[in-house]
Amino acid sequence: KQEVTQIPAALSVPEGENLVLNCSFTDSAIYNLQWFRQDPGKGLTSLLLIQSSQREQTSGRLNASLDKSSGRSTLYIAASQPGDSATYLCAVNAGNNRKLIWGLGTSLAVNP
Amino acid sequence: GAGVSQTPSNKVTEKGKYVELRCDPISGHTALYWYRQSLGQGPEFLIYFQGTGAADDSGLPNDRFFAVRPEGSVSTLKIQRTERGDSAVYLCASSPDRDSPLHFGNGTRLTVT
Chain A
1 KQEVTQIPAA
11 LSVPEGENLV
21 LNCSFTDSAI
31 YNLQWFRQDP
41 GKGLTSLLLI
51 QSSQREQTSG
61 RLNASLDKSS
71 GRSTLYIAAS
81 QPGDSATYLC
91 AVNAGNNRKL
101 IWGLGTSLAV
111 NP
Chain B
1 GAGVSQTPSN
11 KVTEKGKYVE
21 LRCDPISGHT
31 ALYWYRQSLG
41 QGPEFLIYFQ
51 GTGAADDSGL
61 PNDRFFAVRP
71 EGSVSTLKIQ
81 RTERGDSAVY
91 LCASSPDRDS
101 PLHFGNGTRL
111 TVT
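Chains as they are written, first to last, in my numbering: chain A, 1 to 112; chain B, 1 to 113.
FYI, nobody ran anything at the bench for these hints, they're computed from the structure. A virtual CB, placed ideally from N, CA and C, is assigned to each residue, including glycine. Hints may contain errors.
Straight-line Cα separation of at most 27 Å, BS3-like style, residue types lysine-lysine; simulated pairs [said to hold, decoys possible]:
{"id": "1", "chain 1": "A", "residue 1": "1", "chain 2": "B", "residue 2": "15"}
{"id": "2", "chain 1": "B", "residue 1": "78", "chain 2": "B", "residue 2": "17"}
{"id": "3", "chain 1": "A", "residue 1": "42", "chain 2": "B", "residue 2": "15"}
{"id": "4", "chain 1": "A", "residue 1": "1", "chain 2": "B", "residue 2": "11"}
{"id": "5", "chain 1": "B", "residue 1": "15", "chain 2": "B", "residue 2": "78"}
{"id": "6", "chain 1": "B", "residue 1": "11", "chain 2": "A", "residue 2": "42"}
{"id": "7", "chain 1": "B", "residue 1": "78", "chain 2": "B", "residue 2": "11"}
{"id": "8", "chain 1": "A", "residue 1": "1", "chain 2": "A", "residue 2": "68"}
Quick list of simulated restraints, FRET-style, between CB atoms [said to hold, decoys possible]:
{"id": "9", "chain 1": "B", "residue 1": "71", "chain 2": "A", "residue 2": "94", "range": "26 to 34 Å"}
{"id": "10", "chain 1": "A", "residue 1": "59", "chain 2": "B", "residue 2": "64", "range": "18 to 26 Å"}
{"id": "11", "chain 1": "A", "residue 1": "40", "chain 2": "B", "residue 2": "8", "range": "37 to 45 Å"}
{"id": "12", "chain 1": "A", "residue 1": "56", "chain 2": "B", "residue 2": "97", "range": "36 to 44 Å"}
{"id": "13", "chain 1": "A", "residue 1": "12", "chain 2": "B", "residue 2": "18", "range": "22 to 30 Å"}
{"id": "14", "chain 1": "B", "residue 1": "14", "chain 2": "A", "residue 2": "82", "range": "23 to 31 Å"}
{"id": "15", "chain 1": "A", "residue 1": "12", "chain 2": "B", "residue 2": "27", "range": "21 to 29 Å"}
Among chain B residues calculated to face chain A with C-beta under 10 Å, some are [as the list claims (entries may be wrong)]:
{"id": "16", "residue": "61"}
{"id": "17", "residue": "65"}
{"id": "18", "residue": "104"}
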């Protein structure tokens, strides 16, 4: 059974820092992995999607990597800003039925 | 363009009542998903539609929960005889195909008193 773990559960950093959020999964047979952002009281916003054949994806200040063999993905946020404060969730798509298996998220606070 | 729309945004109901939650996906998205999220938890899969048919309903917790998508666009999640444990945020998402990211609505916060 696929399990997804995110470390750390919470993170507080000063503005301008580069930071790394971690996601690990137990079954390497995945179709893709997605990183989402969730603001309080809001739905989820897709940030990056990495197909199983890809190693990384980049969008602006965000870079996500995928190492299937070790069951890990990282989300790198460069030059963090207070507006980056949110909960970041990773979700693994096993492919067969397209339902996502989610981590519990990392709650990020970027302090001005 | 318009995103995924969910109505109502908040619903308070008494235990034992029937509720309907509506999801209007992005136009042209054939795949539609329902998840629910409890406080401090990741989303929990409920059901997935491809077109009009439920391709996977393995996440529905019991037979009090039912969802339809009669014309392959708008979907309604129906909960009968609501229980306090049904209280959660119900999220709907759509995507054009399996290779594309999911687009989520803002959710419906259901509170059963």
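Hint-by-hint comparison with the structure:
no.	hint	in the structure
1	A/1 to B/15	violated, 34 Å
2	B/78 to B/17	holds, 11 Å
3	A/42 to B/15	holds, 25 Å
4	A/1 to B/11	violated, 34 Å
5	B/15 to B/78	holds, 14 Å
6	B/11 to A/42	holds, 15 Å
7	B/78 to B/11	holds, 13 Å
8	A/1 to A/68	holds, 16 Å
9	B/71 to A/94: 26 to 34 Å	holds, 29 Å
10	A/59 to B/64: 18 to 26 Å	violated, 40 Å
11	A/40 to B/8: 37 to 45 Å	violated, 19 Å
12	A/56 to B/97: 36 to 44 Å	violated, 22 Å
13	A/12 to B/18: 22 to 30 Å	violated, 43 Å
14	B/14 to A/82: 23 to 31 Å	violated, 41 Å
15	A/12 to B/27: 21 to 29 Å	violated, 40 Å
16	61	violated, 14 Å
17	65	violated, 15 Å
18	104	holds, 4 Å
In the structure shown, a violation is registered for the earlier hints numbered 1, 4, 10, 11, 12, 13, 14, 15, 16, 17, in ascending order.
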